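Each chain, letter by letter, is given below.
There are 2 protein chains.
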Amino acid sequence: MNYEVKRLVVNYKTLEEFKQFKEYGIQELSMLEDLQDNIIENDSESPFYGIYYGDKLVARMSLYKIESAYDKYFEPSEGYLELWKLEVLPHYKGKGLGSALVEYAKTFNLPVKTNGRQQSSGFWEKMGFEPVSYVEERDRGENPYVWYPQGVSEQRLA
Amino acid sequence: MNYEVKRLVVNYKTLEEFKQFKEYGIQELSMLEDLQDNIIENDSESPFYGIYYGDKLVARMSLYKIESAYDKYFEPSEGYLELWKLEVLPHYKGKGLGSALVEYAKTFNLPVKTNGRQQSSGFWEKMGFEPVSYVEERDRGENPYVWYPQGVSEQRLA
Numbered sequence: 001m002n003y004e005v006k007r008l009v010v011n012y013k014t015l016e017e018f019k020q021f022k023e024y025g026i027q028e029l030s031m032l033e034d035l036q037d038n039i040i041e042n043d044s045e046s047p048f049y050g051i052y053y054g055d056k057l058v059a060r061m062s063l064y065k066i067e068s069a070y071d072k073y074f075e076p077s078e079g080y081l082e083l084w085k086l087e088v089l090p091h092y093k094g095k096g097l098g099s100a101l102v103e104y105a106k107t108f109n110l111p112v113k114t115n116g117r118q119q120s121s122g123f124w125e126k127m128g129f130e131p132v133s134y135v136e137e138r139d140r141g142e143n144p145y146v147w148y149p150q151g152v153s154e155q156r157l158a
Numbered sequence: 001m002n003y004e005v006k007r008l009v010v011n012y013k014t015l016e017e018f019k020q021f022k023e024y025g026i027q028e029l030s031m032l033e034d035l036q037d038n039i040i041e042n043d044s045e046s047p048f049y050g051i052y053y054g055d056k057l058v059a060r061m062s063l064y065k066i067e068s069a070y071d072k073y074f075e076p077s078e079g080y081l082e083l084w085k086l087e088v089l090p091h092y093k094g095k096g097l098g099s100a101l102v103e104y105a106k107t108f109n110l111p112v113k114t115n116g117r118q119q120s121s122g123f124w125e126k127m128g129f130e131p132v133s134y135v136e137e138r139d140r141g142e143n144p145y146v147w148y149p150q151g152v153s154e155q156r157l158a
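Protein chains in written order, with the UniProt record's numbering: chain F, 1 to 158; chain B, 1 to 158.
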């Protein structure tokens, strides 16, 4: 089944829908304040992508581009995407919506890095991700799982 | 009630006990490999602190010192502690073990930063922590809650 993944815009409807997701936090509150204070415009681009069921947002993720100067995971280092807040609403799980979002993230053909949450390693491995070699100073308790596009490999740290 | 908080040493018993915690991940697997490969010695210091009930580890957290050169949260900037993997085993919740660990983290008299997990803001605020002003480039989807010792405040970003 193919799902349409949309880049989400920041407006009051989107921010209201975000409240349904468990990982609603400081990031979303900050977006709401910026909208209220006219620091960002209505319908401006957000780092979030999502899948709608009819009019209802039922799955989302955030993608944030890390520039190569800050890339400590990949080589050659041409920047990568950090994927976070991947979440499917409870009644919509098991339909492949999470996988569809992750597959979409891969289409940019940049390496992807995520912090695999508890007991999610099976999911990430199914999606073609691999755990990194853990480095305390860099990874700080995270569970980094990464996806390498063709020609990219793990960065050897000095 | 006062609980004794101990710095945990890395050995096979500790690493076996870590498997009871939901946030067991790449960090713990890496410690196990390092022990097996003799890269680290048995009973070497770990970044983890915990509380025992008799002989059984029932609560833990990790504290990692961030040097001032990498401090983007506090000023004056004299380094801070990053607290992660705070977790109490299910049967031992509601007894103040989590609070005891956090209070222990404060005794170093350095600022403390954590990534508040979903719906934990009430707990962190009760512990005297505050949410930061969210900055996408720095916080990348995290929910940073911080504790300021006397004389320390939020860093103003350029």
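Please keep in mind that the hints were generated in silico from the structure rather than gathered at the bench. Only a predicted model underlies this, so the values are computations on that prediction, with no experimental measurement involved. Keep in mind that the hints are not guaranteed to be accurate.
Stretch-level coverage of chain F by chain B, calculated; a stretch enters the list once three of its residues show a Cβ under 8 Å from a Cβ in chain B [claimed, not checked]:
id, region
1, 18-25
2, 71-85
3, 89-102
4, 134-140
Every residue, glycine too, gets a C-beta built ideally from N, C-alpha and C.
Each hint tested on the structure:
Proximity of the region 18-25 of chain F to chain B, defined as three or more residues with a beta carbon under 8 Å from a beta carbon of that chain, is established by the 4 residues found. Check result for the region 71-85 of chain F against chain B: holds, 3 residues qualifying (beta carbon to beta carbon below 8 Å, three or more required). Coverage of a stretch by a chain is defined here by at least three residues with a beta carbon nearer than 8 Å to that chain's beta carbons; for the region 89-102 of chain F and chain B the count is 0, and the condition is violated. Against chain B, the region 134-140 of chain F contributes 4 residues with a C-beta closer than 8 Å to a partner C-beta. That satisfies the three-residue criterion, and the hint holds.
The earlier numbered hint that this structure contradicts is number 3, and it is the only one.
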